[in-house]
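Going line by line, the protein sequences match chains A and B. Position one of the first sequence corresponds to residue 1 (the working numbering), numbered consecutively onward. Position one of the second sequence corresponds to residue 1 (the working numbering), numbered consecutively onward.
The set of hints was computed from the structure by calculation and includes no laboratory data. Do not rely on the hints blindly, as some may be mistaken.
Unchecked claim - Label pairs and their calculated CB-CB ranges: (1) A/E187 - B/N135: 52 to 62 Å; (2) B/G28 - A/N84: 40 to 50 Å; (3) B/Q150 - A/A249: 35 to 45 Å; (4) A/N84 - B/S132: 23 to 33 Å; (5) B/I36 - A/K160: 53 to 63 Å; (6) B/V209 - A/R40: 51 to 61 Å.
To be verified - Partial list, computed: chain B residues near chain A (C-beta under 10 Å): (7) H108; (8) Y114; (9) S115; (10) A117; (11) S118; (12) H120; (13) S121; (14) W122; (15) V126; (16) R208; (17) V209; (18) H238; (19) L240.
Said to hold, decoys possible - DSBU-like mimics (lysine-lysine), calculated; alpha carbons at most 35 Å apart, straight line: (20) A/K194 - A/K231; (21) A/K218 - B/K164; (22) A/K251 - A/K218; (23) A/K160 - A/K198; (24) A/K218 - B/K66; (25) A/K160 - A/K237.
Just so we're clear, the structure is a prediction, and the values are computed from it rather than from any experiment. Ideal Cβ placement from N, Cα and C applies to all residues, glycine included.
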Amino acid sequence: MARRYDTRTTTFSPEGRLYQVEYAMEAVGHAGTCMGILARDGIVLAAERRNINKLLDEPAFSEKIYIINDDLCVAVGGITADANVLIDEMRLSAQRYLLQYQEPMPVEQLVSSICDIKHAYTMFGGRRPFGVSMLYSGWDLNYGFQLYQSDPSGNFSGWKATCIGSNAAAANSMLDQEYTENMSIDEALSLTIKVLNKSMTMSKLSADKVEVAVFTRKEGHTYLSLLPQSKVEKLIKDLEEAELAKKEAEKKT
Amino acid sequence: MSASFYTKPANNGNAGVAMETSWDSNPGRQRTLQPITTGASVLAIKYNAGVIMVADTLGSYGSLAKFRSIPRVLRVNDATVAAASGDLADMQFLNTVVENHAIDEEIHEHGIAYSPASLHSWLTRVMYNRRSRINPLWNTYIVAGTEAGQPFLGYVNMLGVAFKEDCLATGFGSHLCLGLLREALDAAGGYAGLTEETATSALEACLRVLYYRDCRAYNQYQLANVPVAKPAQVSGPHFLQSDWSVAKLVKHYTE
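Next up, chain A with everything else stripped away, as it sits in the complex (with noise of 0.2 Å):
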């Protein structure tokens, strides 16, 4: 019955439902998990890596976390391909304003404009949606460190916490309870690291499946640096001695 107004995207169904958009948004929980927490000096971003084909040539920086520019990296979670095109305009983007006004652009105008050409494909010219959810991490002058997240149809809001991709209901709600405000970056990554845990796909958490990236600045600069396997290994066994502990200390109790 619906399926009459599915194929056009710019058309509301009777119940007042954009399909197109909704099936986009389906695509996206498909894909990999893309996490983010704001910490007190930083974000930690955190990504499921599912090519871990050994006949890939040359490893990209990372499978989902691109630079756009200084001060903003995203994180993709969706079609790769339509990811693409929109990182490679909002790199544009960036740069044009910087020519401009020889300042960088505030995080939130660039999140704002990517997210109004997302929107602009849900509501004319008939073609479909972009088939992808981001993570914004930023640092501007104005706002310091800044997490967003948008999806297909356009819309973006500010978060403390959020994921994308498969799974991310249940490690939404884990966030939900286990954040807490003004964390330490190293705090930030024991989170995300038990969130992941208990919420992949895959039946045991391992440091190949998983990229952390932290996302932080010093004497001026940005820094976004992938963490080395040795670290993330270090982290799970360090979380999965804690759950040890605990459970232990629940025994004796």
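Using the hints, position chain B against chain A.
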């Protein structure tokens, strides 16, 4: 902000510069060949706690002093002012664009407004791009304001030449008055030693020199003061006192 479909950057061989002109397909359209109604000098100087800028309120139609109450100083926001000399139609057009930008920023409620440096940079790009299409905005702009507790003063002209200085002047002012302003700065050991009163009187003295010696100058002017920690204020019209009694010494001059 308009939401448009994303288009991949066009792969043209002209390094991205549009070479076709709209007047080929639109013969009614013309390039700027000469300024028509013009404004004369703009002067500005930094002082210890901000920056002051003055411009007279005359719109000259060639040598005819036609419009005697044209405001040439624009308040962009609390920390930024800009004034222009040259073609007044082009100035009014650009000022509208700047004002609309400022309104856009207020609408977004970010709390992030044009800084004098970002306005100066944007203006430079606009002026240079127009000159590169051989259709300039026939103006010289001075952008004044405060940023991060420091006074800012920048110049942009119709060729897209842009620079920043402690004292600036356009048109005749750059010939007759820049020296006077620089002397005032040197006497004070830099703008940090210049008081608001000294700066204002230096600018007034310069305006007087211009009224005596520049045929397109006028004795009614606007003054903009942007103090470091307070909002910008554009005041006017102020009237310049001048003494023409020396005129009777001029041969063949009759009252």
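Checked hints:
no.	hint	result
1	A/E187 - B/N135: 52 to 62 Å	holds (58 Å)
2	B/G28 - A/N84: 40 to 50 Å	holds (43 Å)
3	B/Q150 - A/A249: 35 to 45 Å	violated (58 Å)
4	A/N84 - B/S132: 23 to 33 Å	holds (32 Å)
5	B/I36 - A/K160: 53 to 63 Å	holds (58 Å)
6	B/V209 - A/R40: 51 to 61 Å	holds (58 Å)
7	H108	holds (8 Å)
8	Y114	holds (9 Å)
9	S115	holds (7 Å)
10	A117	holds (7 Å)
11	S118	holds (4 Å)
12	H120	holds (8 Å)
13	S121	holds (4 Å)
14	W122	holds (5 Å)
15	V126	holds (9 Å)
16	R208	violated (36 Å)
17	V209	violated (35 Å)
18	H238	violated (33 Å)
19	L240	violated (37 Å)
20	A/K194 - A/K231	holds (15 Å)
21	A/K218 - B/K164	holds (30 Å)
22	A/K251 - A/K218	violated (44 Å)
23	A/K160 - A/K198	holds (20 Å)
24	A/K218 - B/K66	violated (59 Å)
25	A/K160 - A/K237	holds (26 Å)
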